[in-house]
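Number of protein chains: 2
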Amino acid sequence: MNYCFTRGLSFCVLLWGVTSTVNARAADPLPSWNDGASKKAIVDFVEQVTDEESSDFVLPEERIATFDNDGCLWSEQPVYFQLQFAIDRVKQLASEHPEWKNQQPFQAVLEGDKQTLAKAGMEGLAKLVMASHAGMTTEEFAGTVRVWLRTARHPRFERPYNELVYQPMLELLAYLRDNGFKTYITSGGGVDFMRVFAAETYGIPPEQVIGSSIKTKFELRDGQPVIVRLPEIDFIDDKEGKPVAIHKFIGRRPIAAFGNSDGDLQMLQWTAAGDGPRFCLYVHHTDAEREWAYDRDSHIGKLDQGLNEAKKQGWTVVDMKQDWSTIYREEK
Amino acid sequence: MNYCFTRGLSFCVLLWGVTSTVNARAADPLPSWNDGASKKAIVDFVEQVTDEESSDFVLPEERIATFDNDGCLWSEQPVYFQLQFAIDRVKQLASEHPEWKNQQPFQAVLEGDKQTLAKAGMEGLAKLVMASHAGMTTEEFAGTVRVWLRTARHPRFERPYNELVYQPMLELLAYLRDNGFKTYITSGGGVDFMRVFAAETYGIPPEQVIGSSIKTKFELRDGQPVIVRLPEIDFIDDKEGKPVAIHKFIGRRPIAAFGNSDGDLQMLQWTAAGDGPRFCLYVHHTDAEREWAYDRDSHIGKLDQGLNEAKKQGWTVVDMKQDWSTIYREEK
Numbered sequence: 000m001n002y003c004f005t006r007g008l009s010f011c012v013l014l015w016g017v018t019s020t021v022n023a024r025a026a027d028p029l030p031s032w033n034d035g036a037s038k039k040a041i042v043d044f045v046e047q048v049t050d051e052e053s054s055d056f057v058l059p060e061e062r063i064a065t066f067d068n069d070g071c072l073w074s075e076q077p078v079y080f081q082l083q084f085a086i087d088r089v090k091q092l093a094s095e096h097p098e099w100k101n102q103q104p105f106q107a108v109l110e111g112d113k114q115t116l117a118k119a120g121m122e123g124l125a126k127l128v129m130a131s132h133a134g135m136t137t138e139e140f141a142g143t144v145r146v147w148l149r150t151a152r153h154p155r156f157e158r159p160y161n162e163l164v165y166q167p168m169l170e171l172l173a174y175l176r177d178n179g180f181k182t183y184i185t186s187g188g189g190v191d192f193m194r195v196f197a198a199e200t201y202g203i204p205p206e207q208v209i210g211s212s213i214k215t216k217f218e219l220r221d222g223q224p225v226i227v228r229l230p231e232i233d234f235i236d237d238k239e240g241k242p243v244a245i246h247k248f249i250g251r252r253p254i255a256a257f258g259n260s261d262g263d264l265q266m267l268q269w270t271a272a273g274d275g276p277r278f279c280l281y282v283h284h285t286d287a288e289r290e291w292a293y294d295r296d297s298h299i300g301k302l303d304q305g306l307n308e309a310k311k312q313g314w315t316v317v318d319m320k321q322d323w324s325t326i327y328r329e330e331k
Numbered sequence: 000m001n002y003c004f005t006r007g008l009s010f011c012v013l014l015w016g017v018t019s020t021v022n023a024r025a026a027d028p029l030p031s032w033n034d035g036a037s038k039k040a041i042v043d044f045v046e047q048v049t050d051e052e053s054s055d056f057v058l059p060e061e062r063i064a065t066f067d068n069d070g071c072l073w074s075e076q077p078v079y080f081q082l083q084f085a086i087d088r089v090k091q092l093a094s095e096h097p098e099w100k101n102q103q104p105f106q107a108v109l110e111g112d113k114q115t116l117a118k119a120g121m122e123g124l125a126k127l128v129m130a131s132h133a134g135m136t137t138e139e140f141a142g143t144v145r146v147w148l149r150t151a152r153h154p155r156f157e158r159p160y161n162e163l164v165y166q167p168m169l170e171l172l173a174y175l176r177d178n179g180f181k182t183y184i185t186s187g188g189g190v191d192f193m194r195v196f197a198a199e200t201y202g203i204p205p206e207q208v209i210g211s212s213i214k215t216k217f218e219l220r221d222g223q224p225v226i227v228r229l230p231e232i233d234f235i236d237d238k239e240g241k242p243v244a245i246h247k248f249i250g251r252r253p254i255a256a257f258g259n260s261d262g263d264l265q266m267l268q269w270t271a272a273g274d275g276p277r278f279c280l281y282v283h284h285t286d287a288e289r290e291w292a293y294d295r296d297s298h299i300g301k302l303d304q305g306l307n308e309a310k311k312q313g314w315t316v317v318d319m320k321q322d323w324s325t326i327y328r329e330e331k
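So the protein lines, in turn, are chains A and B.
If you count by numbering that gives the first Met the number 0, then the first sequence holds residues 0 to 331, one letter each, in order.
If you count by numbering that gives the first Met the number 0, then the second sequence holds residues 0 to 331, one letter each, in order.
Quick caveat, the hints were computed from the structure, so don't treat them as lab data.
Every value quoted in this text rests on a predicted model; they were computed, and no experiment measured them.
It is possible that part of the hints are untrue.
Given that identical chains are not distinguished, each listed pair holds provided it fits within a single copy or across any two copies.
To be verified - The calculated BS3-like cross-link candidates involving lysine-lysine, where the alpha carbons are at most 27 Å apart (straight line), are:
id, residue 1, residue 2
1, Lys214, Lys238
2, Lys301, Lys113
3, Lys310, Lys320
4, Lys90, Lys113
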């Protein structure tokens, strides 16, 4: 028995283990999804595109699936989690910025004045984001996000923010990957913010995270190359920006797309308009008790036009309250 | 013997086949590389980072390798191939643009006036690129590139442009992938231009191609979503832009980088400055007979500062004439 053969055999044993795991999961790949139309639509689609005998078979390299993040993979209430990061960061940096005491929207943050903060609008938000997200190297920024995720707690659930991820969506991501899909995040959130936790939390590596970005600059500091974050918007990955970013980063059209708001509509339209089998899904927040209930009138994650289009096009709309037996992943 | 077991077995047989192929190639993974320092440096690096017993072992997901394209994977003389595409395209579109007869740099293209064309500078080039690369949907553009690759022939070698790819570099790409590397292109060339042939020519899928880009816009045309190419530069993936793009698209630092000009220097510096084992390589064009010989004074693919830095840092410099037994891939 030569070396190659031994190596082949041990690979087989390893692979057999993997295969068994896949088959065990295949018993019910989506245990946190209640039986119903949503679950059936997902499973039917996956079986259709992976069946080599079917005329709808899709080659593995074309099995691209894109997911929004805020409100689709994790919660987005009472404020976008990244905005909470910016707020916490501004409080932390306040001692180095005495001028913030009399300067909006920083003053509102420091005084906990939610009304003024709400009125600050996009321009105010941008100021907070720039103050907390720019002016440092990419590695320093990642470090501040890591510390925040470890220490900050969500006000309602008193858990780290990256534990407030939806268990049914984690199962869906794993189920798609087990079936040869490449899973991407395409979110309005900051790409460098999400990349810090996406691999560990979602099993999505940095190169499959697409998001909004600020400009950066390469420079040598004492002969050491660094990439510095600049206080200038580079790209907003929302609405029409999502298909544009998908084209730019992936260069091919997804066959499945998942969102929860009007900000995802163009991504779903772009996905749906391709040739062959397509799958589009909206997560509808209907569970005020276990999570939140909001849609057409919400200023966070507004789902209005998208809901109309989903009905018209026959896309899958997840009724969180009915379709999900569990909301969040287990506490660690 | 149940279904799972049968499936496991057939997977094993399949895998055994793959394993044997890998081992057969391992006899000499780089047959077009002559024995010498360059080849040895490549093999030593790959063995070092894939040896689980070594303190230099690198996890497969961190094995990111980035390659320049023009002059590194394919030739770039007598003009960048994409510029030739733009020139050919302008000639083709001339009948729809009678005004070009008296308008530079179009007039120079139509009259074959190379002197005037050379004097047109960056601004002139930009005009040619915009006229030939913008104003259509992304799918229409890909179609024009496909037709050009099928029909255009290189003036010196009379072969399709995407056959003028370096056989030793194709072997290197395959060797790295066989060893768990993810191979990327990071080129000053247009991303949507390169994506048309990168998968078939280099085995690099669209989502691993990074390049310069023009802006695009999502819109509905008769209810059909399209992405339209706009006559406006989005990003130039050259010099300081390369590490910036690597950070933006990949989100982690390569452990190996390959280039041939000063435009790649910052990518190599960024790669070299990471922790753990690193590999940087310059292709030096030294073979006027089989390809071209140029470096410090060339206006295409100038290699001056990079050559100094390579010597200083001990990076691998490929002497094309000495190190490569074959230049181009076999004719099909």
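Status of each hint after checking the structure:
1. Lys214 x Lys238: both (20 Å within a copy, 16 Å between copies)
2. Lys301 x Lys113: within (20 Å within a copy, 57 Å between copies)
3. Lys310 x Lys320: Within one copy only: 19 Å inside, 64 Å across.
4. Lys90 x Lys113: within (14 Å within a copy, 62 Å between copies)
The structure is consistent with each of the numbered hints, conforming to all of them.
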